[in-house]
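S.K.: One-letter residues, chain by chain:
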Amino acid sequence: MTWKRVATAAVLIPFVVGLVLWGSTAIVALAVALVTLLALSRVSLLDGHLRTFPHLRAMVHGPCANVQAFG
Amino acid sequence: MGHVPTYKLSDDLVAYQRMRWFANGLPSLEAVFFLFVLGVAALTLGTKRPLVEALPAAGMSASGLILVAFPLSFAVRLHGTGREGTVLLLFALVITWAGDSAAYFVGRSIGKHALAPHLSPKKTWEGTVASLLGSMIVALVFARFVTVPLPHLLAMAAVGNVAGQVGDLLESAYKRSAGIKDSGSILPGHGGVLDRIDALILAIPVVWYYWILIYSPRS
Numbered sequence: 029m030t031w032k033r034v035a036t037a038a039v040l041i042p043f044v045v046g047l048v049l050w051g052s053t054a055i056v057a058l059a060v061a062l063v064t065l066l067a068l069s070r071v072s073l074l075d076g077h078l079r080t081f082p083h084l085r086a087m088v089h090g091p092c093a094n095v096q097a098f099g
Numbered sequence: 002m003g004h005v006p007t008y009k010l011s012d013d014l015v016a017y018q019r020m021r022w023f024a025n026g027l028p029s030l031e032a033v034f035f036l037f038v039l040g041v042a043a044l045t046l047g048t049k050r051p052l053v054e055a056l057p058a059a060g061m062s063a064s065g066l067i068l069v070a071f072p073l074s075f076a077v078r079l080h081g082t083g084r085e086g087t088v089l090l091l092f093a094l095v096i097t098w099a100g101d102s103a104a105y106f107v108g109r110s111i112g113k114h115a116l117a118p119h120l121s122p123k124k125t126w127e128g129t130v131a132s133l134l135g136s137m138i139v140a141l142v143f144a145r146f147v148t149v150p151l152p153h154l155l156a157m158a159a160v161g162n163v164a165g166q167v168g169d170l171l172e173s174a175y176k177r178s179a180g181i182k183d184s185g186s187i188l189p190g191h192g193g194v195l196d197r198i199d200a201l202i203l204a205i206p207v208v209w210y211y212w213i214l215i216y217s218p219r220s
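Quick mapping for you: the protein sequence lines, in order, are chains A and B. When you read off a place in the first sequence, starting at 1, and then add 28, the result is the number in the numbering used here. When you read off a place in the second sequence, starting at 1, and then add 1, the result is the number in the numbering used here.
To be clear, the hints were calculated from the coordinates, so they are not data collected in a lab. Any given hint could be a false lead.
[What the hints assert, rightly or not] Which stretches of chain B does chain A cover? Using the computed rule of at least three CB atoms under 8 Å from a CB of chain A, they are: (1) 122-130; (2) 147-159; (3) 208-214.
[Unchecked claim] In silico BS3-like links for lysine-lysine, alpha-carbon gap of 27 Å or less: (4) B:K49 <-> A:K32; (5) B:K123 <-> B:K113; (6) A:K32 <-> B:K113.
[Stated by the list, open to error] So, partial list: chain A residues that the calculated Cβ filter (under 7 Å) puts toward chain B: (7) T53; (8) V56; (9) L58; (10) T64; (11) L66; (12) L68.
No residue lacks a Cβ here, since even glycine has one placed at the ideal position from N, Cα and C.
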């Protein structure tokens with residue numbers, strides 16, 4: 029399990045560092061929006077009996093992650 | 002042009018950027034929340050699902066917006082405030098990664114005293130202290146690349162790390178309350194995306210607010 033953890037980090041960390049340092053704020057905003065939506069897809073499963081409104085999630089949470097994008 | 006929010010300590014750069022962005026007609030945070038309210042109203046009244054689900058579903062959606070989407074938007078805010086903000090965003094990420102890694106390896110090796118067994122049985126005080134030290138070592142490295150003085154950087158690393166660990170415990174609490182162990186498996190060895198970003202949810206906003214409220218750079 030540890031080697032998987034290290035391998036995943038070895039791939040993701042350089043990618044994220046490059047994105048932050050050399051990507052535009054718009055690209056960072058898109059990445060944050062994507063991560064937000066992926067994370068929220070898990071939030072909705074935290075309660076096995078209830079579901080969130082998926083359309084609401086997509087409609088609002090993406091823009092929210094980008095609300096400061098072009099400041 | 003609209004209300005221009007400014008911060009307690011004068012930060013002309015941030016105030017100017019918010020003014021520009023508002024003037025360009027792009028959605029403000031207030032507009033996003035209002036859009037959310039409209040969405041809840043429309044979906045609650047229009048859904049064919051049992052009405053008993055409406056309020057809990059709206060509550061879960063709201064928690065996602067407030068506890069995940071809104072805090073992560075600070076990453077964009079940091080990145081958009083110039084070179085210093087970009088490096089500080091990287092700083093927030095690296096102190097969290099370093100802290101997580103230190104806590105993981107030290108906790109596995111010598112961890113004996115449980116931190117919060119009712120929330121997360123594997124977390125230990127030894128790992129927590131190692132995490133804090135790991136983040137402060139990162140601050141020593143980053144001191145070469147930012148204009149923030151070292152004492153402030155160390156303090157930022159400390160509060161960011163503590164905030165990150167609180168975020169981690171918060172996510173553990175939510176998983177416990179839902180009766181599940183993992184919140185996904187998309188990242189090999191790390192669990193789900195939520196597991197990976199739970200610390201960042203609090204760490205990034207804390208770094209932002211420390212930077213602009215306690216150490217306020219003047220451009």
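S.K.: So which hints don't hold here, by number, going up?
M.R.: 1, 2, 3, 4 and 9
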